[in-house]
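> Spelled out from the first residue to the last, the chains are:
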Amino acid sequence: MPPRKIVLRFPPQVVDKPLIYHLVKDYELMVNVLKANVNPYKEGFMVMELVGEPDKYEQGLNFLKEQGIRIDYLSEDIVRNIDRCTHCGACTSICPSGALYVSRPSMEVIFEDEKCVVCGVCLKTCPVKAIEVNFNGKQ
Amino acid sequence: MGVKRTYAEINEKIKSGKVVVVTAEEIIKMVEEKSVEEVAKEVDVVTTGTFGPMCSSGAFFNFGHSKPRIKMHRVWMNGVPAYTGVAAVDAYLGVNELPEYDPLNSNHPGEFRYGGGHVIEDLVAGKTIKFEATGYGTDCYPRRKIDTYISLNDVNEAFLFNPRNAYQNYNVAVNLSNKTIYTYMGTLKANLGNAHYCSAGQLSPLLNDPYYKTIGIGTRIFLGGGVGYVAWNGTQHSPCGARGENGVPLGGAGTLAVTGDLKQMKPQWLRGTSFLGYGATLTVGVGVPIPILNEEMLRFTAVKDEDIFATIVDYSYDYPNATGKTLGSVSYAQLKAGTVELNGKEIPTAPLSSYIKAREIAETLKKWILEGDFLLGEPVLTLPSADSGITLKGLQEKQAP
Ligand code: SF4
Ligand code: SF4
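Taken in sequence, the protein lines are chains F and B.
For the first sequence, my numbering begins at 1 and goes up steadily by one.
For the second sequence, my numbering begins at 1001 and goes up steadily by one.
To be clear, the hints were calculated from the coordinates, so they are not data collected in a lab.
Glycine included, C-beta positions come from ideal geometry on N, C-alpha and C.
Incorrect hints may appear among the rest.
[Said to hold, decoys possible] Simulated restraints on C-beta separations:
no.: 1; chain 1: F; residue 1: R70; chain 2: B; residue 2: S1177; range: 36 to 44 Å
no.: 2; chain 1: F; residue 1: Q67; chain 2: B; residue 2: N1246; range: 54 to 62 Å
no.: 3; chain 1: F; residue 1: N81; chain 2: B; residue 2: S1066; range: 35 to 43 Å
no.: 4; chain 1: F; residue 1: K65; chain 2: B; residue 2: N1107; range: 17 to 25 Å
no.: 5; chain 1: F; residue 1: K65; chain 2: B; residue 2: S1066; range: 52 to 60 Å
no.: 6; chain 1: F; residue 1: E112; chain 2: B; residue 2: R1069; range: 55 to 63 Å
no.: 7; chain 1: F; residue 1: V38; chain 2: B; residue 2: E1100; range: 30 to 38 Å
no.: 8; chain 1: B; residue 1: E1397; chain 2: F; residue 2: H22; range: 39 to 47 Å
no.: 9; chain 1: F; residue 1: E28; chain 2: B; residue 2: E1100; range: 34 to 42 Å
no.: 10; chain 1: B; residue 1: E1371; chain 2: F; residue 2: R70; range: 49 to 57 Å
no.: 11; chain 1: F; residue 1: E28; chain 2: B; residue 2: K1345; range: 38 to 46 Å
no.: 12; chain 1: B; residue 1: A1322; chain 2: F; residue 2: P11; range: 34 to 42 Å
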């Protein structure tokens, strides 16, 4: 099974648990953490590549879900509707990964989806709802 | 004494296609390359623009009379209530208005996904909206209820009337507390996590005519993608605060009340807007042409971001409690560069007002004037200025007299 990027979103009480340790030890999965952060809503999130045997992979994901963690696949989930975007910039100081930023001196707002970690913060922050979610591939 | 121009002379040049128009951004470069005197001789009009959330906005409607007639006591447009305390089938829809079913901030921060501003955007986009009205029944207006669908073409009048737009300058908002706050200045991260500002700076209309020498009642403007007019000074117009040597106010000062026919406006310049945890509003495009009547006006329009300062205010305590405390001042050049320093901390900045759209507005207005379609409106009365003695009053809590 090819490595798949997944996004984990977890409530504050799970933040301290040794999740990666369990994925590696109990489910024999290879984990490559690409990004980890805590967003302004105090929600932790982590983007990782996960490789392993299909059975164990499923079990590993189930284990994560039992911990109250939400799992989404990272497959160009977040899109910016360029027609709606006003380039106001309100999202740029909120985006934790630098995927949304102001290009200077033009002051145009750029969205670099490779940097996006699908934390979802911009969805609610964008005042004109120019950020959209592509629900395909969501679990 | 240098160059002198009148509105009539400029309008003659517009009609004969000889007018010279540049944007408030272009004029800066010109003045850097040539003297003020030379540029003043050359340029007739400087165009400005701003595109930001402007909460004090809304539209008046006359829906037409139904058969039988109804005196509309309550009106809902796509579920958003409109104010009906005017004649039978007239109403005013405010852009902050929300449907009664909106959860507001009960699950904080609320999303405020659809409000009066969104209804206006939908109408201007040519959409049909649900219209509901109730009445209490009178001898002349017997009907008690009507449910129908309307579009902008179906109503008699629809004109934007925004009591306060185009703020001359504005606060820079930060958050000194240790939790994220949700404000009309956007989401402000804890412990000075970010700084939000909301002005087009050197392109902004009232920063290019700081004493309102050419802006007043009757000034023809770009409004929401169409043509509009300055109707009055805006609410909270406060021209007597501190100003820099260049005359530019150091904080929020002048404002404009503007109006225009909604039927000729464009949805991309009137955008329904939602501020997480705060409410719904409308992002409005406004552009004002500034006639270069003399060298003084040219000097004003050549103002640049380095010379325009905004005041930093804490929105976790000082703003909500109206303490009047400020944390310092910073230029738009610094704000636009991406970080400002406060309390020894580098804080990332972000705008709420779109600079590239402001530029597009100034360019569009320039094009309209060059094409001869847009004549300057000479104000019948200019706005109260720094010598007016106006002071901003707070609301006092008093005993019954
Ligand atoms: S979802 Fe939005 S805020 Fe989060 S990383 Fe992607 S672009 Fe940035
Ligand atoms: S907040 Fe929305 S409209 Fe503003 S720049 Fe970001 S994506 Fe564009």
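> Report the numbers of all earlier hints that the structure fails to satisfy, in ascending order.
1, 8, 9
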